[in-house]
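Kindly produce the complete structure, drawing on both the sequences and the hints.
As given, the protein sequences belong to chains A and B, one line each in that order.
For the first sequence, the residue numbers in our numbering are 100 to 308.
For the second sequence, the residue numbers in our numbering are 100 to 308.
Treat the hints as calculated values from the structure; they're not laboratory data.
For glycine and all other residues, C-beta sits at the position ideal for the given N, C-alpha and C.
Be aware that one or more of the hints could be misleading.
Stated by the list, open to error - Residues from chain A shown here face chain B by an in silico Cβ test under 10 Å; the list is partial: (1) V136; (2) Q138; (3) A181; (4) R183; (5) A248; (6) G251; (7) L258; (8) A265; (9) L280.
Unchecked claim - Simulated restraints on C-beta separations: (10) B:Q174 to A:R293: 27 to 33 Å; (11) A:P279 to B:I212: 54 to 60 Å; (12) B:A181 to A:G165: 43 to 49 Å.
Stated by the list, open to error - Footprint (simulated), chain A over chain B, 3 or more residues, beta carbon under 8 Å: (13) 227-236; (14) 280-288.
What follows is each chain in one-letter form.
2 protein chains.
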Amino acid sequence: MEEPQGLRARKKQRTRAALIDAAYRLFDSRGYSDTTVNQIAAAAEVSPATFFNHFASKEDVIFADGGVLLEEISQRLESLAAGRNPVEALADAVRATTADAGTRAPGGELEAIRIRLITTEPALQAPTLRRTFDSQHGIAAALHRAYAATLGHREAEVLVGAVVGAIFAAVHSASRAGEPLDRALDDTLDILTRTWRPAARRGTRESAR
Amino acid sequence: MEEPQGLRARKKQRTRAALIDAAYRLFDSRGYSDTTVNQIAAAAEVSPATFFNHFASKEDVIFADGGVLLEEISQRLESLAAGRNPVEALADAVRATTADAGTRAPGGELEAIRIRLITTEPALQAPTLRRTFDSQHGIAAALHRAYAATLGHREAEVLVGAVVGAIFAAVHSASRAGEPLDRALDDTLDILTRTWRPAARRGTRESAR
DNA sequence: TCTAAATTTAGAGTCACTCTAACTTTAGAG
DNA sequence: CTCTAAAGTTAGAGTGACTCTAAATTTAGA
Numbered sequence: 100m101e102e103p104q105g106l107r108a109r110k111k112q113r114t115r116a117a118l119i120d121a122a123y124r125l126f127d128s129r130g131y132s133d134t135t136v137n138q139i140a141a142a143a144e145v146s147p148a149t150f151f152n153h154f155a156s157k158e159d160v161i162f163a164d165g166g167v168l169l170e171e172i173s174q175r176l177e178s179l180a181a182g183r184n185p186v187e188a189l190a191d192a193v194r195a196t197t198a199d200a201g202t203r204a205p206g207g208e209l210e211a212i213r214i215r216l217i218t219t220e221p222a223l224q225a226p227t228l229r230r231t232f233d234s235q236h237g238i239a240a241a242l243h244r245a246y247a248a249t250l251g252h253r254e255a256e257v258l259v260g261a262v263v264g265a266i267f268a269a270v271h272s273a274s275r276a277g278e279p280l281d282r283a284l285d286d287t288l289d290i291l292t293r294t295w296r297p298a299a300r301r302g303t304r305e306s307a308r
Numbered sequence: 100m101e102e103p104q105g106l107r108a109r110k111k112q113r114t115r116a117a118l119i120d121a122a123y124r125l126f127d128s129r130g131y132s133d134t135t136v137n138q139i140a141a142a143a144e145v146s147p148a149t150f151f152n153h154f155a156s157k158e159d160v161i162f163a164d165g166g167v168l169l170e171e172i173s174q175r176l177e178s179l180a181a182g183r184n185p186v187e188a189l190a191d192a193v194r195a196t197t198a199d200a201g202t203r204a205p206g207g208e209l210e211a212i213r214i215r216l217i218t219t220e221p222a223l224q225a226p227t228l229r230r231t232f233d234s235q236h237g238i239a240a241a242l243h244r245a246y247a248a249t250l251g252h253r254e255a256e257v258l259v260g261a262v263v264g265a266i267f268a269a270v271h272s273a274s275r276a277g278e279p280l281d282r283a284l285d286d287t288l289d290i291l292t293r294t295w296r297p298a299a300r301r302g303t304r305e306s307a308r
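Put into structure tokens, the structure is as follows:
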């Protein structure tokens with residue numbers, strides 16, 4: 100897992116790690132908006148220019164090593180598809196992924212800060228939505244692959260969009276109400292699996308020409 | 100509809116209209132990102148400071164008179180609730196609202212530009228998502244009101260989130276594929292109403308205490 | 001040891017956005 | 001009609017994210 104790269108690459112990773120660490124530390128104490136990129140660079144003891152050498156934007160530092168969840172869900176989908184309807188499989192994949200994302204050792208400390216940040220900082224709401232939205236295509240593609248026989252391309256997109264949209268809505272409203280997020284997630288997945296029916300298909304082709 | 104306000108208010112509306120007009124014109128020709136607020140102000144023949152006097156941000160010009168759709172959908176929900184399940188009512192409300200939003204006379208010219216901008220300009224994706232997401236609460240509240248007897252608070256949030264998320268996913272994928280958006284919307288609403296079942300409720304209270 | 005590529009850096013510049021203090025115009029009282 | 005208060009507009013300075021260019025430093029590999 101740890102390729103013994105050259106000295107060059109190792110140094111680069113070290114400054115990158117220093118930047119991430121400094122950023123999370125500052126975001127945690129002063130808040131996201133009140134932390135400046137210059138402060139992060141100073142705390143990491145590099146020049147401000149170096150920050151943008153590693154991250155495309157200030158937010159990027161927070162989502163830097165994200166996108167892993169997307170791949171995890173997509174992968175799980177394939178093994179969970181058997182015998183379940185798409186929504187059940189999706190729900191299980193989400194459950195499984197979030198379950199061990201919470202207990203994952205490396206970066207677990209930062210993970211807690213991240214969740215707090217993206218659920219509370221207003222300035223991060225839009226970026227979070229955007230990135231999640233972008234990752235939907237990948238999941239939809241995986242779902243379509245796993246249910247190629249019964250699930251059209253558009254139906255897969257719609258389904259994933261619905262599940263993700265529902266989760267976001269529930270998590271956000273729970274967050275505002277001060278309720279625990281994991282419970283909101285469970286409730287949501289329950290509701291979705293309970294109220295979804297595998298589709299009385301009208302035609303077999305839905306991207307008719 | 101047009102309160103004959105004082106000269107003061109009329110002048111203010113005129114500069115506001117000039118700003119909106121200039122902004123759309125410039126966005127349309129040079130693109131959103133390549134248009135600067137200074138250029139908009141110059142085109143409207145006001146100072147740059149005045150722009151921010153009317154709009155909180157550059158994007159704000161585009162969404163300025165939006166938010167109307169939200170209220171429309173919420174209102175329609177109440178009259179459409181009878182005899183339908185929640186998803187059917189929601190779908191009908193969306194259909195009805197988008198139907199006459201397309202044919203609404205005033206600003207119809209700008210409306211076309213707006214749709215093109217928010218579906219193609221990458222810089223507007225995040226703001227669009229954010230605003231839509233924010234408006235969900237209002238719709239969810241209206242839905243909960245219309246189905247107070249059978250639909251819990253959380254279920255309403257989940258449902259609206261699912262419908263909105265599905266629509267967004269479909270519209271976005273259609274937009275990337277170059278397919279007509281209205282057709283994607285119709286397909287999506289069809290899929291949703293066909294695959295949703297009114298819920299075999301487990302308990303009557305889902306925000307158990 | 002020398003050269004080429006990768007990292008970092010300084011520095012100047014753009015743009016969105018904020019804040020403050022002034023300036024102009026309208027509204028309404030007397 | 002006049003005078004004052006408020007609303008609207010403006011100039012100007014400043015902050016912070018982000019870009020670009022060119023130079024400095026460091027490592028890789030011949």
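Item checked: Agreement of hint L280 (chain A) with chain B interface, Cβ distance less than 10 Å -> 13 Å, violated
Item checked: Restraint satisfaction for R183 (chain A) [CB to CB of chain B, less than 10 Å] -> Since chain B brings no Cβ nearer than about 15 Å to R183 (chain A), farther than 10 Å, the hint is violated.
Margin query: Under 10 Å is the threshold here; is the Cβ of G251 (chain A) close enough to any Cβ of chain B for the hint to stand?
Written below: 9 Å, holds
Next item on the list: Using Cβ atoms only, decide whether Q138 (chain A) comes closer than 10 Å to chain B, and label the hint accordingly.
Entry: Check failed: Cβ of Q138 (chain A) comes no nearer than 24 Å to chain B, outside 10 Å.
Item checked: Satisfaction of the V136 (chain A) interface hint, Cβ to chain B closer than 10 Å -> 19 Å, violated
Check: Holds or violated: is the Cβ of A265 (chain A) closer than 10 Å to a Cβ in chain B?
Finding: 4 Å, holds
Notebook entry, point to check: Per the CB criterion, is L258 (chain A) less than 10 Å away from chain B?
Noted result: 8 Å, holds
Checklist line | Interface hint outcome for A248 (chain A) [beta carbon to chain B under 10 Å] | finding: 17 Å, violated
Next item on the list: Take a look at whether the Cβ-Cβ distance between P279 (chain A) and I212 (chain B) falls inside 54 to 60 Å.
Entry: 44 Å, violated
Checklist line | Cut-off 10 Å, beta-carbon criterion: hint that A181 (chain A) touches chain B | finding: 20 Å, violated
Note to self: Given the hint of 27 to 33 Å, is the C-beta distance from Q174 (chain B) to R293 (chain A) inside that range or not?
What the structure shows: 29 Å, holds
Item checked: Cβ contact check, 8 Å cutoff: the region 280-288 of chain B against chain A, three residues minimum -> Since 3 is at least three, the answer is holds.
In terms of the numbered hints stated before, the structure departs from hints 1, 2, 3, 4, 5, 9 and 11, listed from lowest to highest.
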